[in-house]
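Assemble the whole structure, with the sequences as input and the hints as a guide.
Those sequence lines, one after another, are chains E, R, P, X and L.
Residue 400 in this note's numbering sits at position 400 of the first sequence, with consecutive numbering throughout.
Residue 1170 in this note's numbering sits at position 170 of the second sequence, with consecutive numbering throughout.
Residue 2169 in this note's numbering sits at position 169 of the third sequence, with consecutive numbering throughout.
Residue 3068 in this note's numbering sits at position 68 of the fourth sequence, with consecutive numbering throughout.
Residue 4105 in this note's numbering sits at position 105 of the fifth sequence, with consecutive numbering throughout.
Certain hints may be false.
[Said to hold, decoys possible] Using 25 angstroms as the maximum straight-line C-alpha spacing, the simulated DSS-like pairs for lysine-lysine come out as follows:
#, chain 1, residue 1, chain 2, residue 2
1, L, 4030, E, 41
2, X, 3206, P, 2007
3, E, 32, P, 2031
4, E, 613, R, 1018
5, X, 3255, L, 4030
6, X, 3257, P, 2007
7, X, 3215, P, 2256
8, R, 1156, X, 3025
9, X, 3118, P, 2007
10, X, 3025, L, 4141
11, L, 4141, X, 3040
12, E, 622, R, 1061
13, X, 3118, P, 2256
14, X, 3255, E, 32
15, E, 613, R, 1156
16, X, 3025, R, 1044
17, X, 3118, P, 2042
18, X, 3128, L, 4141
19, L, 4007, E, 30
20, X, 3035, R, 1156
21, X, 3128, E, 30
22, L, 4030, P, 2007
[What the hints assert, rightly or not] Pairwise CB distance ranges (calculated):
#, chain 1, residue 1, chain 2, residue 2, range
23, R, 1114, P, 2022, 27 to 35 angstroms
24, L, 4027, E, 457, 43 to 51 angstroms
25, X, 3127, P, 2022, 52 to 60 angstroms
26, P, 2067, E, 616, 33 to 41 angstroms
27, X, 3079, P, 2171, 44 to 52 angstroms
28, R, 1069, X, 3220, 44 to 52 angstroms
29, P, 2036, X, 3140, 52 to 60 angstroms
30, E, 609, X, 3277, 43 to 51 angstroms
31, R, 1261, E, 525, 15 to 23 angstroms
32, X, 3140, P, 2005, 50 to 58 angstroms
33, R, 1261, L, 4004, 29 to 37 angstroms
34, E, 609, P, 2219, 52 to 60 angstroms
35, X, 3138, E, 616, 51 to 59 angstroms
Simulated from the structure, these hints should not be mistaken for lab results.
The C-beta atom is built at its ideal place from N, Cα and C for all residues, glycine as well.
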Amino acid sequence: MARIGVFVCHCGENISATVDCGKVAETIGKLKHVALSTEYKYMCSDPGQTLIKEAIKEHNLTGVVVSACSPRMHEPTFRKACAEGGLNPFLCEMANLREHCSWVHEKNELTTEKAIDIVRTQVEKVKLNSALQPIKVPVTKTAMVIGGGIAGIQSALDIANCGHKVIMIERSPSIGGHMSQLSETFPTLDCSQCILTPRMVEVAQHPNITLYTYAEVESVEGFIGNFKVKVRKKAKSLDEKACTGCGLCTTKCPQKKIPNEFEQGMGMRPAIYVPFPQAVPNRPVIDKEHCTYYLKGKCKICEIVCPTKAIRFDQPDEILELEIGAIVVATGFDIKHADFFPEYGYGRYKDIIDGLQFERLASASGPTSGAILRPSDGKVPKNIVFIACAGSRDPAKGIAYCSKICCMYTAKHAMLYKHKVHEGKAHVFYMDIRSGGKNYDEFVRRAIEEDHVNYIRGRVSTIFERDGKLFVKGVDTLLGAMPVEIEADMVVLATAGVANSGAEDLAQKLHVSYDSHKFFAEAHPKLKPVETNTAGIFLAGACQNPKDIPDSVSQASGAAVKVAALFSQSELTREPLVAVVNRTSPPLYSTCVACGMCKPVCPYQAIELEEFKARDGRVVKKAARINEGLCQGCGTCVAVCRSKSIDLLGYSNNQVYAEVVALLNDY
Amino acid sequence: MTNLINRAKELLENGTVKVVIGYEAGPTGLARPAFITDPAKAGKLIYDDRCVQNLAVYLTKAEVKNLGKMAIVSTLPVMRSIMMLISEHQVMGDNIVVLGISTEKELLDIADIGVMKGYIEKCDLRNPEKDRETLAMLNALTPAERFAWWQKEMEKCIKCYACRQACPMCYCIRCTVEVNQPQWIPVQANPHGSTEWHILRAMHLAGRCISCGECGRACPVGIPCHLLTMQLADQVNNYFHVHAGTSDNMTSVLSTYEPNDKESFII
Amino acid sequence: MSENIYKPYLMEIVNIVEETPDVRTFRLKFKNNEEAEKFSFKAGQFGEYSVFGEGESTFCVASSPTRKGYIECTFRKAGRVTNSLANLEIGDTVGFRGPYGNTFPIEEWEGKNLLYIAGGIALPPMRCVIWNTIDLREKYKDITIVYGARTVSDLVYKDELKEWEDRPDIKLITTVDPGGQTPEWRGEIGFVPMVLEKVAPSSDNTVAILCGPPVMIKFTMPVLKKLGFKDKDIYTTLENRMKCGFGKCGRCNVGKVFVCKDGPVFSYEQILELPEEY
Amino acid sequence: METTRKLIRKQSLEKLYAHLSGSRKIYAPVTAANKQVDYKYNPPYAEVASDHIRSTLSVKNIVFPKVENLFLFTNNRTESTITDIELFKIPEVVLWGAHPCDTAAFDVLRSIFCWDTKDEFFSQRVEKLTVIGFACHKSDDYCFCTSTGLSPDSSKGSDILLSRLQNGDYVADIITEKGNAILDSCPGLFEAAPDEKPVITEVKVKFSHEQVTAKLANAFEHPFWIENSLRCIGCGACAYVCPTCACFDIQDETKGKNGKRYRSWDSCGFGLFTLHTSGHNPRQVQSQRWRQRIMHKFSYMPDRNESLGCVGCGRCSSGCPVDMNISEQLEALQNI
Amino acid sequence: MSDFEPKVVAFVCNWCTYAGADLTGTSRIKYASNVKIIRFPCTGRIDFMLLLKAFANGADGIIVSGCHPNDCHYTSGNFHAKRRWIMFKELMDFMGIDMNRITFSWVSAAEGARWADVVNSTVTRIRELGPYVSYKELVNKSVEEEVKND
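As structure tokens, then:
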């Protein structure tokens, strides 16, 4: 039974000045199943809305068309009014007579005719609308933060402080990330460890945060509010409860010559080790690849010396199955290794290092206890050359983007060097100085003006050795591309920031898209920079693109708010304008044949193939199924479905077809 | 042929398959599809110039599937169809034995899908030569001439759907023409209904047509409707550099995209 | 001008009952009085109902031929035509052609007990004959109706069920599937065959008229046999897809039997003769 | 009416064609560029085919068009009005050149369309039709009219049957009043018939249709159906080219408030032909549909419509993309 | 031909072109009233059959418009639509169906003036092309079968 009410709004004179609203209402009133067609000065006003509410009751309306302004303006208003009048809000449509008609056309018959066409189209559509109920999705109020760098830490703390449970996963033995490797931070030059360590400890001690280090995501299933995540907790060969973190084992381990990752290979560590003194948790792990016992079957010195008998050589990896409501990906970045630049001679020349190595040299807790000593002979370099944009903004190298942080940290490195080696000369080759940010440009100016760092605008073509000395050859473009050759005791490459290893693999497990550089992709570059296109998975920090600390922290807090908002209710309510694959009774089950054409078009990974089984367990049918928790209602799957087995609620095939027909035919 | 018969016999005898789908000679001398379930009858199998039908259409037919695991005599179009059917989850690669036939009519040793992929990659994947000529002829006409040419063909259409039924890729259990809410395609076999039907069919095969020409061959009134899908197969390759049926993991070109897909008509 | 057998009568919807969210009953009146007067039908017959622009759909006349001046039909929203029928309002026009098919042999049943067994949306095809025999109540002995649906809200003709329940000369047993009951439900809970077995009506001098989904028929038949019903004393109606109603369009035949001409009413004895094609 | 035999010379035949097409529409076979023969309205005589064995489609569309409006309607706000098709406007048509199988098919169609309730659309079209049949001087392996009780020179369904003589002239058998009327309208074109036997092709009898019908009575569950229809792909080609297949669909189509209800050809070979809205399908798989096709023509129709549903034209077999050869199957069926 | 008022249907996405057309209104930029809009969530939703249905129901021209590449509210709907239109256009061209009657465009929510341009240029073009006779004939040929014998 269809009884449609049509309400033509004058919008003051905004519509009625060019459209003959009376004629529209009258003509539409003659249409089949239009129970009421009336006009009013301001439909959105209180009396206007009351008119609708009363008409719904009086005429027992089954659908309403408000012919007024753009639905983008007042659709929620009128749908709400309908709901208050006792009509399902999705049985209300708007005909756009203002923005798409009265405001853009002259006053004449054609304009009124167009208005009639527009209203008739919506009348025919609304007849086919169905009452829809908002979709409720239960939410598990536990968040998972993947990655324990500063972004992950910030997110975890913010979420935990909102009162929600957080599980943090970190693949290395300690949280802290790259920030823990840094000496000082720009633009304030305060000590990185000093500001980070308290946060790390807070994570470890927070009652709402469960920390799993040395752990990685194994698989992710489910959808927003209802993820099922399997986490592989790699065996640390240690009973963490028993261990007191005394460190005796690490001092007694006979393996001592393992390049220390934390020191960027500039220091050594034993096979049982704590990555750095401030590590959280401050418990050792056994590196099975280097441990004598694991390699040769004997040694066990650590076990022998351990006062609490905490060593467990036979410990297996553990798989945790976790129920998670939302995920923050904060897996950070890596830097391009300097061996990417054969022209700069990295590897051949020991005194060419990358930025992170310089951080370790400058760090008070680093291999040189903070003294700037060159790797080859431990001498203090007198001349140091910094090369910015090593790889970045170099399409020929496949990295077209700007790594964003290098300008700033190169200035910082040059300053740190000058502060430690007062008589030394620091040169910086750069393309442009990008120092946007609070106090950033001032910081760079300080390096140039107060610390007299020699900034040369130009690229370095090669670095070569002559008589045991390095020479950096480039051009100074500010001097008209004049060739420059600088003798250097040490060269620091500000290599490009790149996606962390394993990012692609993780993105695939999470069903999150990533860009051609394997950085995770945001849902919208401007308006959804924190969301991914998989609902319930958010991004924080440099896993999205290279970012400095303040940006990472801001985004991390942003992601935390997104999670907190999601967790603010026990059920997630979503607009029911989603796609559905038809279902019928057996033996057909659905007209879908599971060709899978719809699956890759879905930007939200909302489509999967469902199997139907007979009593004996045999799969008798496969058909696509759309997860209404994930579907955003774009309808692309509907258009690619050959058998028309998918339809989009609110924009169904029947509805849009009726619109086309109604728009072009008189009734 | 002896190799084919022996192989079919062996597969049936040792129980690897329950049915061999191939060709036999009918009483009028035409080759027709044969479904051999008894090894003793493997001798009926033939393979020669008369064997033109794309047998892959039977891989999705319920009553054929009910016979059990299948071996199928496969020329290049059949192999390409199989690739598409695997890609689209309609058959399982390890559920069928491919009795490949080379262009020289020799039995190929197609041990698995990987081998088949290798073989397909080496083949000429373009449309058959005589169809290329017709396509070139049509493409040289003016749009109005082409419209007239096609309308003359469309008038003949009786909507028997032989084109659809003969196509291995038209395996839907409900075709769009059978949808009546809304009635996408007019039911009538009139110029309008027929034109829209053929547009629909061609679009649904865009990027999926493997250029076997079976639709045109099946048409009882002689509409060369295969030219529509073949033209699109050409264009798919032209724009997206893809030949349908070259891997068992193909994503339809209309289900995927490249941000820099080239076009010149969107303003 | 000769007669166009495909041309429907124009009918006006004079009443609509929303039986369940999906099921409607229309009361239809002829627009043309002459046609109304010439028109007659018998219990069991069916017609083609149409919405102009959407097509025709086949269902039984659900009202009794004893009620003159109108016909009623009950349908469930399922396809294109029934969906658009459901959108119609009182005063709207529909097309109807019919009556087609054979009828329940109610004259033969005179003096016998009648046992009606229906499930879900299969009550409408039987409602016609139920009312027909009720309206000729004195000609029949006991009338028992066993009607079941999935849930309480799926029961159609709720008002009439009440009326039948209240009548002393009709025994009505309603049932819903386990889980389909409401707190207020006072009928039986269980599937039709089981309820029938429990009620165990006598097969003596009794005709059983059975209509329902295939699965219900499948499980009810053995119960009827167990109760002693003979094949020839069990009747049902078949529903096959139809277009013309005259045995021409080629759809509805079960073997050589045209459901539209030779049916839709069949005795179980006849059904057993048919090939498995319905 | 008593049949009379006349002679019509080659040259006169053209004149007869011109004479007939002067007063009404004439529907005659024409050979297309791709060698297939299709019937057209009013083709020039020079293009009319006379040596073909069978046209691509049968001529049934002349009495049972592939799309035929049943009535027109207009929907207003609540009212709908029906406009009848003006059947009296159906033009007079001469069917020229049809072979005996095709002309005999009109009777078969009549047995369906008028068996119980008369279908006026069909009847009116038949009424307006005059048939000039041509006996067959050529045949091929697909032909099996002789197995269906017909022959290459059967006059069934023709108003005038022409049979070719050795020299290219024809003898004309005037079968009906309609035929007689033509004869009367142009007596000058007809001469006294010679005592010469026309050239008639020989069509081998492949099976006895009575025996097939007898066998089918108990063959519903026979494995034959599955075994012999595995290669059937379920298209409607056989039904659509068939001169006697009469299954149809009824549909509505609207444009704005105006619309029409029409019927169009349908085929029992389609999977959705018998599908219920509920999803239940009495003929779920192709073998059941193939069985229906054979049963309908050779068992149900003889029983219910008192005519065999087949005239042995062989189109379904020659037009089948997968070589489903009906006469071969019937031959086998008579021996099961 | 001067009194020919073309019927043009615009299939647009909600997020860019529909909003852009709203902006045209808010900016009071005038354009031809021949174009009427049907709103879709995304260009990815627009079935190619709808374009044919528009012609079949008497449209003389069509506009299909959505978000510029990379701006899709749903990230990729417009890219899918683009591929679909590439194939559709090739097929239509091959069948001789006039693609000059369809304007494909990207109009963002900020391009109110551009929307007016797209509409006006399309209407001008369709006006020059005249009524879409060949498609109408195709449909009418089919409608008026009535009593004809073929």
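Discussion item. Tell me if the straight-line CA distance from residue 3255/X to residue 32/E falls inside 25 angstroms.
Written reply: holds, 15 angstroms
Fill in: Straight-line alpha-carbon gap residue 613/E to residue 1018/R, limit 25 angstroms
Since the Cα atoms of residue 613/E and residue 1018/R sit roughly 24 angstroms apart, the hinted pair holds (cutoff 25 angstroms).
Fill in: Distance restraint between residue 4141/L and residue 3040/X, which requires alpha-carbon spacing of 25 angstroms or less
With Cα atoms ~17 angstroms apart, residue 4141/L and residue 3040/X stay inside 25 angstroms; holds.
Worksheet item: Is it true that the CA of residue 3025/X sits at most 25 angstroms from the CA of residue 1044/R?
Response: Status violated; Cα separation ~51 angstroms.
Worksheet entry | Range agreement (Cβ of residue 616/E with Cβ of residue 2067/P, hint 33 to 41 angstroms) | This hint is violated: roughly 51 angstroms between Cβ atoms.
Worksheet entry | Restraint check for residue 3128/X with residue 4141/L, where alpha carbons must lie at most 25 angstroms apart | holds, 23 angstroms
Item to complete: Determine whether the Cβ-Cβ distance between residue 3140/X and residue 2005/P falls within the hinted range of 50 to 58 angstroms.
Response: Given about 40 angstroms between the Cβ atoms, the range is violated.
Item to complete: Mind checking the hinted window 15 to 23 angstroms against the Cβ distance between residue 1261/R and residue 525/E?
Response: holds, 20 angstroms
Discussion item. Assuming the hint says 52 to 60 angstroms, is it satisfied by the Cβ distance from residue 609/E to residue 2219/P or not?
Written reply: violated, 34 angstroms
Worksheet item: Would you say the C-beta atoms of residue 1069/R and residue 3220/X sit inside 44 to 52 angstroms of each other?
Response: violated, 30 angstroms
Fill in: residue 3255/X paired with residue 4030/L [C-alpha distance capped at 25 angstroms]
violated, 32 angstroms
Worksheet item: If you draw a straight line from the CA of residue 3118/X to the CA of residue 2042/P, is it 25 angstroms or shorter?
Response: holds, 22 angstroms
Hint check: violations occur at hints 2, 5, 15, 16, 21, 22, 23, 25, 26, 28, 30, 32, 34; the rest are consistent with the structure.
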